[in-house]
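J.: If you're matching them up, the sequences are chains E and H in order.
Count the first sequence with the UniProt record's numbering and you get residues 1 to 393, in order.
Count the second sequence with the UniProt record's numbering and you get residues 1 to 393, in order.
Incorrect hints may have been included.
Any copy will do: because identical chains look the same in the list, a pair fits if it lies in one copy or spans two.
Okay, derived cross-link-like pairs now, DMTMM-like style, lysine to aspartate or glutamate, Cα gap no bigger than 20 Å in a straight line [claimed, not checked]:
1. 350 - 58
2. 350 - 65
3. 350 - 28
4. 9 - 28
5. 350 - 66
6. 350 - 360
7. 9 - 27
8. 9 - 238
9. 9 - 309
10. 350 - 365
It is worth saying that the hints were derived from the structure and are not from the lab.
Keep in mind it's a predicted model, so treat the numbers as computed, not measured.
Protein chains: 2
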Amino acid sequence: MSELTLQAKELDAADALAPVRSRFLLDDVVYLDGNSLGALPAHVPDRIADVVRREWGELRIRSWEESGWWTAPERIGDRIAPLVGAAPGQVVVGDSTSVNVFKAVVAAARMAGEERTEILVDATTFPTDGYIAESAARLTGRTLRAVTPAEVPHALGPRTAAVLLNHVDYRTGRLHDLPSLTAAIHAAGALAVWDLCHSAGALPVGLDAHGVDLAVGCTYKYLNGGPGSPAFLYVRRELQPRFDSPLPGWNSHAEPFGMQPSYDPAPGAVRGRVGTPDILSMLSLEAALEVWEGVGIDAVRAKSLALTDFFLSCVAHYAGDRVESVTPTAHGERGSQVSLRCENAGDVMKRLIEAGVVGDFRPPDVLRFGFTPLYTSFAEAERAARVLGAVLG
Amino acid sequence: MSELTLQAKELDAADALAPVRSRFLLDDVVYLDGNSLGALPAHVPDRIADVVRREWGELRIRSWEESGWWTAPERIGDRIAPLVGAAPGQVVVGDSTSVNVFKAVVAAARMAGEERTEILVDATTFPTDGYIAESAARLTGRTLRAVTPAEVPHALGPRTAAVLLNHVDYRTGRLHDLPSLTAAIHAAGALAVWDLCHSAGALPVGLDAHGVDLAVGCTYKYLNGGPGSPAFLYVRRELQPRFDSPLPGWNSHAEPFGMQPSYDPAPGAVRGRVGTPDILSMLSLEAALEVWEGVGIDAVRAKSLALTDFFLSCVAHYAGDRVESVTPTAHGERGSQVSLRCENAGDVMKRLIEAGVVGDFRPPDVLRFGFTPLYTSFAEAERAARVLGAVLG
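Excised from the complex, chain E in its bound form (with noise of 0.2 Å):
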């Protein structure tokens, strides 16, 4: 046994977390793409056959009422609440996260006033944050201006209305400092908005502590709410009497069944509703966050540092130079993943997936490993690295 499959042995016999493992179905696969899509957990297959036998089969109409189908999208956002640090009644579920930014960005443009007339975009995003922002800009008469995130202190100013930042970059798993940026926002009087898809599920936000006013999530990645299980939504308490949703569908009516024909947006979270939410994925992810029980996120956070502090030793080890981190060593500026580019990446993610050892792969040349706490083992981050010297060669 060599001295890391020893050291990941012990680390892993000293894991609080490793029993929550036994919440999944896994197999021998080393899944490191849970910041793609979470892994299923071992009791949403029956919950979903239920939902799906009985509460549309047998129930059927009764229940929107009966079974709770109504209510979930505000129920599922307080599960969720906890874990990006939101009291209850700010959080919000249902649409695509590309939905949801346009929601937020709009509204935090409106909330800014028509004198602001600047909305600033992460340079680094996601695409589809980019491509919405811009949208949202032209559809509101602002402009849209994309700056890194450590641009961004001396690009605020007087005109900007809002900001659209990623909690941790997607690419090369920087996490970026949301509570300086966004003081550094509120100074400027712009209005924050976080998009936390590689966030939400691994690290503390603090969203409430932090002032942020308007947060968006995925809910399929660390929070394994299934394929495409819908986004979320945040609007700050104090904000949400000023959200004005570009998106006013029936479901965020004051009295939705009323079928008033004039609009009178409902109070709290539910005025982020839009229409009818996708019962059975949303019903999954209500599902898969029982994972959490007892799970709180500061323990999935250090074990998150451990696993990717391990991993990077691990690569060091065993692929030395032939692969460059991308990723910071700060544990301040690091996601849940770790990111390596080498050359031919999108042939030695192929291979690695031929393996047993699942990644992706990011153009041009980005390996990208994520690290889910509630189910990575230190021994597989030992193997993911060992396979990939070997792959290497």
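Following the hints, complete the assembly by docking chain H onto the known chain E.
T.: For chain H alone, kept in the frame of chain E given last:
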């Protein structure tokens, strides 16, 4: 056996669609709410179990390609297309109806040009269409005017950008004249956007034949996709190159995995996509569409009219003048539901449901009974009317 019971028996015996009922999981409840939530097709539970356990649980991220998840929105769109009279490549599935109304109305206004400053909306519409159209008008600098479908021809003019109409009125069940209204809208140089929520899967629509510009529709009513299954968007082929989406998410990019910072829209129906599709709800819909194997929409329409004719006769017999039908008697003006007005309608519906006849109540005084020819029998129509008569006392 009463005369009506006997007649129902004969009608059922002669019904070529009667065997299709066995493709659904039903019980002895008379379910006349398929216009709100379609019943569960019998093979859907096994299909969803496979999607969850194998496609998500075992293949995980690989399923986006290997299980055809990525292309599901346009593949399922093409499966719906023939049911609404559309050639392939013009329908895409995803997001809620409300979100698709937003895409369609904004895109229509943009195609109409800046000099056309007014959007017309059906004043009798299901409320969400009006709320969303108001938002679309506000964001594109247009004014919104609510007119009844009958008033549309006179309200049209050189300033009209687009008209959003319902094919079937959700409350009364009235079928509007899509061909002639579309022709009138086109004669005024405006674009016709049709909401097919209460017609798709219930009657022939003829989108291509009548030159409809854009359309949206619901899949959890007569298409039985399951609670909150994603809606569909139709963009006529000739208009697709000019379809300028207000929700240009990464799924609508020409090269979605190129991760380009600039937006370059995909050609075709895919341009109507936004974010990651909700796979569980979407594949439930895909499976549900298999019940249409060998079933033509014309046969469905013929049975629908026979069912509602027969139900109206039975209601006249059992309930007499204690109810008043607000659904047109002329076939050309009737959708696939019967709406009856009566005193204390909310209470009457509660008692009907207790007695095993499920319809729904729409304020202030309407009982709705939806007829889904794929699984509703004439015997059920007779029984529903008989129970209604008894409940009314």
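J.: With reference to the structure, classify each hint as holding or not holding.
T.: Evaluated hints:
1. Only between protomers do residue 350 and residue 58 lie at most 20 Å apart by alpha-carbon distance; the minimum there is 18 Å, versus 45 Å within a single protomer.
2. For the identical chains of this complex, residue 350 and residue 65 are inter-copy neighbours only, at 14 Å across copies versus 47 Å inside a copy, given an alpha-carbon limit of 20 Å.
3. Proximity of residue 350 to residue 28 under the C-alpha cut-off of 20 Å is restricted to the intra-copy arrangement: shortest distance 17 Å within a copy versus 53 Å between copies.
4. For the identical chains of this complex, residue 9 and residue 28 are intra-copy neighbours only, at 16 Å inside a copy versus 59 Å across copies, given an alpha-carbon limit of 20 Å.
5. When the C-alpha separation of residue 350 and residue 66 is checked against a cutoff of 20 Å, the pair qualifies only between copies, where the shortest distance is 14 Å, while the shortest distance within a copy is 47 Å.
6. For the identical chains of this complex, residue 350 and residue 360 are intra-copy neighbours only, at 9 Å inside a copy versus 53 Å across copies, given an alpha-carbon limit of 20 Å.
7. Taking identical chains as interchangeable, the C-alpha atoms of residue 9 and residue 27 lie at most 20 Å apart only when both belong to the same chain, with a minimum of 18 Å there against 55 Å between chains.
8. Taking the closest pair of Cα atoms, residue 9 and residue 238 never come within 20 Å of each other, the shortest separation being 48 Å inside a single copy and 62 Å across copies.
9. Taking identical chains as interchangeable, the C-alpha atoms of residue 9 and residue 309 lie at most 20 Å apart only when both belong to the same chain, with a minimum of 15 Å there against 74 Å between chains.
10. For the homomeric pair residue 350 and residue 365, the shortest alpha-carbon distance inside one copy (13 Å) is at most 20 Å, but the shortest distance between copies (62 Å) is not.
When each numbered hint is compared with the structure, a violation occurs for hint 8 only.
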